[in-house]
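Student: Letter by letter, the chains look like this.
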Amino acid sequence: MRGLLAAVAVLLTLPASAAAAAPWQDAGRVTDGLFDAQTELVLTGPRAATKDVARARAAYAGDLRATLRAADRDADAAIGDGLKAAASAARAGDQTALAAARGSVRAGLFRGAYSVTTEATARGDAATAKRWLLLREYRTATRFTRPGAHATLALDQLARGKTTPRAAEQAVAKDLLDAYQARLRELLADARRGVEQNLPARRAEAAAQAAGYFAILAPRYAQDRGEAAERDASAIFAAAPLDIEAANRALEGFTAAPFTPEEAARRAQQLLQFLSLVPVEYGRGVKDDHVTRDFEITEAVAFRTGAAGAFGDLRDQLAKRDHARTEAAARGLDELGRLVGTAAKQSDGVPTHAQVQRAAERTDAALRAAMPAPWTEKTDESDYDLIALTLDRMEAAAGAGQYRQAEQARLEAYAFFEFGPERRLRSFDQGLALDIEGLIWFGAAGQDGLAKQLAQRAPRREIRETRLVLDRKLSDAAATLGDSANKATVVTNSAIIVFREGLEGVLILAAITASMVAVRRRLRRPVFAGALAGLAVSVITWVLAQTLLRSLERYGEKLEAVVGLIAIGVLLLITNWFFHKVYWSEWIAKFHRQRKRYEKLEKRGFISAQALGLFVLGLTSVYREGFETVLFLQSLQLSAGTATVLEGAGLGLAMTLAVAGVTFYFQRKLPYKKMLIVTGVLIGFVLVVMVGQTVRTMQGTGWMPITPLDVTLPYWSGLWFGVYPTIETIGAQLVAAAFVIGSYFLAQEMKVKGPRRRRAKTGAAPTPAPEPERELVR
Amino acid sequence: MRRTTTLVLAGCLALAGCGGDDKTDETTPDATPAAAANVDLQPIKDYLLDHTERLVTSVELLNRDALEYYNLAKASGFDYAKLLSEHREEVQTALKELRGAHIQANPAYEEMEGVVAGVPSLADYDVIIDAGSDGSDPENAVPFSLTTRAGKEFKQPGNFFALVETAVFGTEPKFQAKGVKPDLDGDGQVTFPEALPDADFLLAATSEFVNYAKELDEKAKEWTPTLEDAFTAVVVMTPTMSEYFEAWKNSRFIAGDKAEEKGFVATSRLSDIRDILGGIVLIYDSILPSVEEVNAEQAAQTKVDLDKLHQLAGRLLTEEEGGKTFTASDADTLGSEAQRNAEAIAGQVSQAAGQLNLQLED
Numbered sequence: 016m017r018g019l020l021a022a023v024a025v026l027l028t029l030p031a032s033a034a035a036a037a038p039w040q041d042a043g044r045v046t047d048g049l050f051d052a053q054t055e056l057v058l059t060g061p062r063a064a065t066k067d068v069a070r071a072r073a074a075y076a077g078d079l080r081a082t083l084r085a086a087d088r089d090a091d092a093a094i095g096d097g098l099k100a101a102a103s104a105a106r107a108g109d110q111t112a113l114a115a116a117r118g119s120v121r122a123g124l125f126r127g128a129y130s131v132t133t134e135a136t137a138r139g140d141a142a143t144a145k146r147w148l149l150l151r152e153y154r155t156a157t158r159f160t161r162p163g164a165h166a167t168l169a170l171d172q173l174a175r176g177k178t179t180p181r182a183a184e185q186a187v188a189k190d191l192l193d194a195y196q197a198r199l200r201e202l203l204a205d206a207r208r209g210v211e212q213n214l215p216a217r218r219a220e221a222a223a224q225a226a227g228y229f230a231i232l233a234p235r236y237a238q239d240r241g242e243a244a245e246r247d248a249s250a251i252f253a254a255a256p257l258d259i260e261a262a263n264r265a266l267e268g269f270t271a272a273p274f275t276p277e278e279a280a281r282r283a284q285q286l287l288q289f290l291s292l293v294p295v296e297y298g299r300g301v302k303d304d305h306v307t308r309d310f311e312i313t314e315a316v317a318f319r320t321g322a323a324g325a326f327g328d329l330r331d332q333l334a335k336r337d338h339a340r341t342e343a344a345a346r347g348l349d350e351l352g353r354l355v356g357t358a359a360k361q362s363d364g365v366p367t368h369a370q371v372q373r374a375a376e377r378t379d380a381a382l383r384a385a386m387p388a389p390w391t392e393k394t395d396e397s398d399y400d401l402i403a404l405t406l407d408r409m410e411a412a413a414g415a416g417q418y419r420q421a422e423q424a425r426l427e428a429y430a431f432f433e434f435g436p437e438r439r440l441r442s443f444d445q446g447l448a449l450d451i452e453g454l455i456w457f458g459a460a461g462q463d464g465l466a467k468q469l470a471q472r473a474p475r476r477e478i479r480e481t482r483l484v485l486d487r488k489l490s491d492a493a494a495t496l497g498d499s500a501n502k503a504t505v506v507t508n509s510a511i512i513v514f515r516e517g518l519e520g521v522l523i524l525a526a527i528t529a530s531m532v533a534v535r536r537r538l539r540r541p542v543f544a545g546a547l548a549g550l551a552v553s554v555i556t557w558v559l560a561q562t563l564l565r566s567l568e569r570y571g572e573k574l575e576a577v578v579g580l581i582a583i584g585v586l587l588l589i590t591n592w593f594f595h596k597v598y599w600s601e602w603i604a605k606f607h608r609q610r611k612r613y614e615k616l617e618k619r620g621f622i623s624a625q626a627l628g629l630f631v632l633g634l635t636s637v638y639r640e641g642f643e644t645v646l647f648l649q650s651l652q653l654s655a656g657t658a659t660v661l662e663g664a665g666l667g668l669a670m671t672l673a674v675a676g677v678t679f680y681f682q683r684k685l686p687y688k689k690m691l692i693v694t695g696v697l698i699g700f701v702l703v704v705m706v707g708q709t710v711r712t713m714q715g716t717g718w719m720p721i722t723p724l725d726v727t728l729p730y731w732s733g734l735w736f737g738v739y740p741t742i743e744t745i746g747a748q749l750v751a752a753a754f755v756i757g758s759y760f761l762a763q764e765m766k767v768k769g770p771r772r773r774r775a776k777t778g779a780a781p782t783p784a785p786e787p788e789r790e791l792v793r
Numbered sequence: 051m052r053r054t055t056t057l058v059l060a061g062c063l064a065l066a067g068c069g070g071d072d073k074t075d076e077t078t079p080d081a082t083p084a085a086a087a088n089v090d091l092q093p094i095k096d097y098l099l100d101h102t103e104r105l106v107t108s109v110e111l112l113n114r115d116a117l118e119y120y121n122l123a124k125a126s127g128f129d130y131a132k133l134l135s136e137h138r139e140e141v142q143t144a145l146k147e148l149r150g151a152h153i154q155a156n157p158a159y160e161e162m163e164g165v166v167a168g169v170p171s172l173a174d175y176d177v178i179i180d181a182g183s184d185g186s187d188p189e190n191a192v193p194f195s196l197t198t199r200a201g202k203e204f205k206q207p208g209n210f211f212a213l214v215e216t217a218v219f220g221t222e223p224k225f226q227a228k229g230v231k232p233d234l235d236g237d238g239q240v241t242f243p244e245a246l247p248d249a250d251f252l253l254a255a256t257s258e259f260v261n262y263a264k265e266l267d268e269k270a271k272e273w274t275p276t277l278e279d280a281f282t283a284v285v286v287m288t289p290t291m292s293e294y295f296e297a298w299k300n301s302r303f304i305a306g307d308k309a310e311e312k313g314f315v316a317t318s319r320l321s322d323i324r325d326i327l328g329g330i331v332l333i334y335d336s337i338l339p340s341v342e343e344v345n346a347e348q349a350a351q352t353k354v355d356l357d358k359l360h361q362l363a364g365r366l367l368t369e370e371e372g373g374k375t376f377t378a379s380d381a382d383t384l385g386s387e388a389q390r391n392a393e394a395i396a397g398q399v400s401q402a403a404g405q406l407n408l409q410l411e412d
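Respectively, the protein sequence lines represent chains F and Z.
Everything in the first sequence is counted per my numbering, starting at 16 for the first residue and increasing by one.
Everything in the second sequence is counted per my numbering, starting at 51 for the first residue and increasing by one.
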């Protein structure tokens, strides 16, 4: 009785034991046995090889076989046939036949595992799916792709109940189909290599495995191209020997794991962006038909290659929409490749910029006509690809000791960031935007910036360290901006942007008009008229930005620099005027009772001479902020629409006007002398900050050099005070400060000390006692 | 009134100073945070430092031998024909010492290459010492140039091991002494590995080699291994086995005098592969606890596959050292299977990295 019970217990535990062995382990014993057989044919001979094959056949049993057969009978049949063929080949010592059998068996195991995994996922059985997912292929890591973990993570989420079985199945199928298609392409290349290098075993194994992988993709192929096409393609793959060219042609334009609509739109944006940059880079590298800068030609080639890659991914979908235009685009890309490729190989007699431009434009037109509308709408994601590509070129140039070219690439990468994702990013995460900017320029997050490193000709490995930190920050930025913001966020952020920029304008206007009280009150008029004009021009810029001037973004920084220079010029004049005509003249007027004469002088000629200058100052002070605000709001508008953004902008403007009203009211109540001092300090402060920021902008446009200082400054020093760690910015600020202080003392010398010394010499009357301050204020 | 106004203004200014910060977590991958608490990465650093010190020692020896050869050549006025005819035995000894020093230095690096090439902050040294090409391939070229004592410049000449090996084994003509056949044994024929390197060039190359080896040693001491470094090392290096097997197939050990590879003539590439894999296995053992936490079965699979690959390389080397000659077809079959294993391992480790929310570097 006890023995019977023991036997029953053993029988009951047996299935559990069999089920406990992982599928990958069992499958590994099959493939290991076959590979050992192949190795033995090389090292010893058929006898050992035959034993190994027998071991492999024995391993294909039990739960592994039963589960595979239940999920995919064809896969099971392929494995069985392959194992039989392996046994024959081992006995005959036929390496080529054994290699082919190995390829078939491996593909069959993966094919069966694919069916089990996807079916288990579809019914919500995450545990089974996870076990069988370990029996799979992965994409080979390359420069632009890494083996992703989408299927693994999807099953984790399914197990935790955070996703539905259908969504998980789609993710798993997509990951696996993508991997098998990538490997299929590699196997066809392997088979070709086997032919070219006279490696029959290589050819046989690769061809057999390729046929097995195509069987995994076949249902998707049929779905995409029809049953008849699938039968034809399957016949090509099943033929022995495999017609490699025919197989490649059958796969042309087919994508087993199609992009989601968002992925397709992103890839389309990459395609259009890369294409548009080909003539830009090429134009910088040639003059007529001579190559003047190799680096730019290399950039043009890189962007053309990137465009071709993106086109390859989308070609099938495009062809379904508009076959003729897709073919035209393909021809256009080929032609572009020939044109830029010629310049990459020789220096003279190369295609002109105009030729390349025309080819790019024709291709662009064909693509846009073939694409659905959502594909042509700009997104941030392609900007990150451009930034990465350009930073790669920067690293390569630095590695080759070509620091000038590296700096050019760095500036380009920054331009892609600044006129791409930065504007939105600053709306949602200012700190992150500043970190990225700092890493591209002078340092942030405890790391030196790339501009500083390139200026100091730092070795590539140091630049690489900074790049790694920068890549992480850019990745965080992409994640931050990945979702469209909800309405409340966009309204809030629009309001904050307008208020923040508006406050800066208010400060400047307050500084300038603070002294315009009493008789000079009318001087306020041209200033405020200019400010209103600046507001109006900002609104016009917004309207134009929606229609004619989308490309203005590329010139945005240059325009910013120009406007900044005008504002500085006028502010320098006003500063000088302030100290000569206001500060010290008022000081004098208090003691000399010459105020009336002075007022007459001002009424007569001085005001008309300055009215234009004050108008321009008011306009540039406001428009400088307005232009930047327009660019910020435009980027928000992309994600939330005009109405939402205008709502926020209106709120921000209301707050700005409220603060302006409070400021100007408050200003009038200051004691006059104190007010003069405050005004003088404020004008000087505004001038110094404006100078720092404008020089920094000019460095970004390449109009001024960058000579970094070896100091680390907090991010707010640049943001609020225009203080950046370069000789040019700080030097210019010191010059501006010297001008302000010098102007003060010069005016003092001219208006007070000089005349006093002259009076002392001639024995003139001393200065009368000062009048009470309140009489000067009306 | 004034106080109220001031407060309002201050409030508005405070609001203006705040940027919107409306991050959402929707795009954050739903992955397990890195389980670094129970991972001891010190063994990786110890392993690396042991090898960087060995490299410095062996490269200094190489440099010393190069200096002795240089002095010999200098004594003959750099007339290599005269050098060979009047000091044949000394030249033979000098070249033998140089070849021996190179053979000793090579594994000191190869065994740690997996870590050096896979860790982003050290990866450039792999380009400089072992993997970088010459200036004809700008993307992968070494960043340095050499200037010899005689003032001759060699711009981005290639990685140091390639420079030394091709010079002392005579497989790169441009690093050989001009105008004289390197018939070291005087039998009227030039057979491998007879070579008469340009002493001026060789001294410059080995002197710079010492500098960079010391630099790597310093950087290694400063390095603090992270989980990302360790995962990246495994993912990056493991699939490069195919390149090594490709080189093995083309090297002298397989193709004999038809070899296309100028390098790798001294030691079989199988030796490098085995050594590198040893390093990878060590690294994986360190990160194994963190992989087990997120996917125990995956961890077991990777451990098995990695050990299998290591054993395969070891077995092939044993066979080769035992006198077995592999044909190109054999090498291709065996190499391709090893590559397949390696890619699978890289894929598996990438899954674990994804589940641990680790960013793998290029």
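Just to be clear, a hint being listed does not mean it is correct.
[Stated by the list, open to error] Among chain Z residues calculated to face chain F with C-beta under 8 Å, some are:
1) Arg114
2) Glu118
3) Ser171
4) Gln226
5) Glu369
6) Thr383
7) Leu384
8) Glu387
[Stated by the list, open to error] Partner residues are not named here, just some residues of chain F that face chain Z (Cβ under 8 Å, in silico):
9) Val57
10) Ala164
11) Gly352
12) Arg476
13) Arg479
14) Glu480
The hints are simulated quantities; they were obtained by calculation from the structure and are not laboratory data.
Glycine included, C-beta positions come from ideal geometry on N, C-alpha and C.
Student: Give a verdict on every hint.
Tutor: A quick look at each hint next to the structure:
1. Arg114: Since chain F brings no Cβ nearer than about 27 Å to Z/Arg114, farther than 8 Å, the hint is violated.
2. Glu118: Violated, because the Cβ-Cβ distance from Z/Glu118 to chain F comes to roughly 31 Å (cut-off 8 Å).
3. Ser171: holds, 6 Å
4. Gln226: Nearest chain F Cβ about 27 Å off; hint violated.
5. Glu369: holds, 6 Å
6. Thr383: holds, 5 Å
7. Leu384: holds, 7 Å
8. Glu387: holds, 5 Å
9. Val57: Holds - the Cβ of F/Val57 comes within 8 Å of chain Z, reaching about 5 Å at its closest.
10. Ala164: Hint on F/Ala164: holds, closest Cβ of chain Z at ~3 Å, below 8 Å.
11. Gly352: violated, 19 Å
12. Arg476: holds, 4 Å
13. Arg479: With a minimum Cβ separation of about 6 Å from chain Z (threshold 8 Å), the hint on F/Arg479 holds.
14. Glu480: holds, 6 Å
Hints 1, 2, 4 and 11, counting from the list given before, are not met by this structure.
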